[in-house]
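Undergrad: No gaps in the numbering here: position 26 of the sequence shown is 26 in UniProt numbering, and each next residue is one more.
Think of the hints as simulated: they come from the structure by calculation, not from any bench. Fair warning: this is a prediction, and the values are worked out from it, not measured in the lab. Just so it is clear, CB atoms sit at the ideal spot from N, CA and C, and this is done for glycine as well. Possibly wrong hints are sitting among the right ones.
With a straight-line Cα cutoff of 20 Å, these simulated PhoX-like cross-link-like pairs (lysine-lysine) come out [claimed, not checked]:
(1) K110 - K18
(2) K74 - K97
(3) K97 - K201
(4) K18 - K74
Okay, the calculated beta carbon distance ranges per label pair [unchecked claim]:
(5) D21 - G185: 34 to 42 Å
(6) E166 - R117: 23 to 31 Å
(7) A199 - S40: 46 to 54 Å
(8) A46 - S109: 28 to 36 Å
(9) S77 - N134: 40 to 48 Å
(10) R117 - I211: 45 to 53 Å
(11) E214 - E83: 46 to 54 Å
(12) K55 - A121: 27 to 35 Å
(13) K74 - R117: 24 to 32 Å
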Amino acid sequence: MNAYPVENRAQVGIVTDKLSDQIYRLLRERIVRGQLRAASRIDLPALMAELGISKTPLREALARLELDHLVVTKPRSGTYVAELTVEDIREVCDLRKGFEWVATFEATSKMPAALLRELRAEIVDAEQQARDGNYDPFFASDLRLHRTIVQHSGNRRLIRAREALEAYVDWMRVVGATGVHRIAGSTRRHLEIVDAMLAGKAEQARDAAAIHVEEVKVWTIEDFAQLR
1 MNAYPVENRA QVGIVTDKLS DQIYRLLRER IVRGQLRAAS RIDLPALMAE LGISKTPLRE
61 ALARLELDHL VVTKPRSGTY VAELTVEDIR EVCDLRKGFE WVATFEATSK MPAALLRELR
121 AEIVDAEQQA RDGNYDPFFA SDLRLHRTIV QHSGNRRLIR AREALEAYVD WMRVVGATGV
181 HRIAGSTRRH LEIVDAMLAG KAEQARDAAA IHVEEVKVWT IEDFAQLR
């Protein structure tokens, strides 16, 4: 969804997804984009008033966010936005490296060449737009490339496990590794991955994916340290 109906609930009503799912996505987006700041207390009454909702769907959404490690509940204190740590970055990147190492190898023989060429064109265009100051196409291309590769792995459990990391991966995209020089490095690796897959070189593609995620980990930790 590009917009959240819950934002305009009073005007248009809810007619599709479960309300708690919409609230979950909305709050996750606000956390990931920094609109709800790390370590800040979440004002439940204010959210209920803003969104025109009751406590039950809000608490259901917060319970899911807690499972994602995006919020923490402190007894007799309230619910707070979690703080991203260097250890979080290491753990998520190490998990992601393992997932994508397997997924890239498996997907090489399964992804259509036309789809790979389409992804390649997006990668090239996104880097050029980033050089012009527009980073959104890079974020979209980066997300689509990695998600598409995982989805074509044919491993349902791997796909679900990777999806569980999505919010944290998005959060890390915002806090670090987004400068033009970082994007150039990621673009180089993205092209190495896709070109190896197009050539049917599964081991080469797999290794490029692992190197890429390891580099992203190092860059993100470096950039994150400068923000603290």
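Undergrad: Just to be sure I understand the hint, the distance between the Cβ atoms of K74 and R117 should be within 24 to 32 Å; is that true here?
TA: violated, 50 Å
Undergrad: Taking the CB of R117 and the CB of I211, does the distance hold inside 45 to 53 Å?
TA: violated, 23 Å
Undergrad: Given the hint of 46 to 54 Å, check if A199 and S40 actually sit that far apart at their C-beta atoms.
TA: holds, 48 Å
Undergrad: Quick check: does the Cβ-Cβ distance between K55 and A121 fall within 27 to 35 Å?
TA: violated, 48 Å
Undergrad: Under the criterion that the straight-line Cα-Cα distance not exceed 20 Å, is the pair K110, K18 satisfied?
TA: violated, 34 Å
Undergrad: Could you check the hint for me, namely that D21 and G185 are 34 to 42 Å apart, CB to CB?
TA: holds, 36 Å
Undergrad: A range of 46 to 54 Å was offered for this pair. Does it hold for the Cβ distance of E214 and E83?
TA: Violated - the Cβ-Cβ distance for E214 and E83, about 24 Å, lies outside 46 to 54 Å.
Undergrad: Within 20 Å, alpha carbon to alpha carbon, are K18 and K74?
TA: The given pair, whose Cα atoms are some 27 Å apart, is violated under the 20 Å limit.
Undergrad: With a cut-off of 20 Å on the C-alpha distance, tell me whether K74 and K97 pass.
TA: violated, 32 Å
Undergrad: Note whether the CB distance of A46 and S109 lies within 28 to 36 Å or breaks it.
TA: At roughly 52 Å between Cβ atoms, S109 and A46 fall outside 28 to 36 Å, so the hint is violated.
Undergrad: Check the hint pairing K97 with K201 against an upper bound of 20 Å on the C-alpha distance.
TA: Given that 20 Å is the threshold and the Cα spacing comes to 18 Å, the pair holds.
Undergrad: Given a hint of 40 to 48 Å, does the C-beta separation of S77 and N134 actually sit inside it?
TA: holds, 41 Å
Violation of the numbered hints given earlier is confined to hints 1, 2, 4, 8, 10, 11, 12 and 13; the remaining hints are satisfied by the structure.
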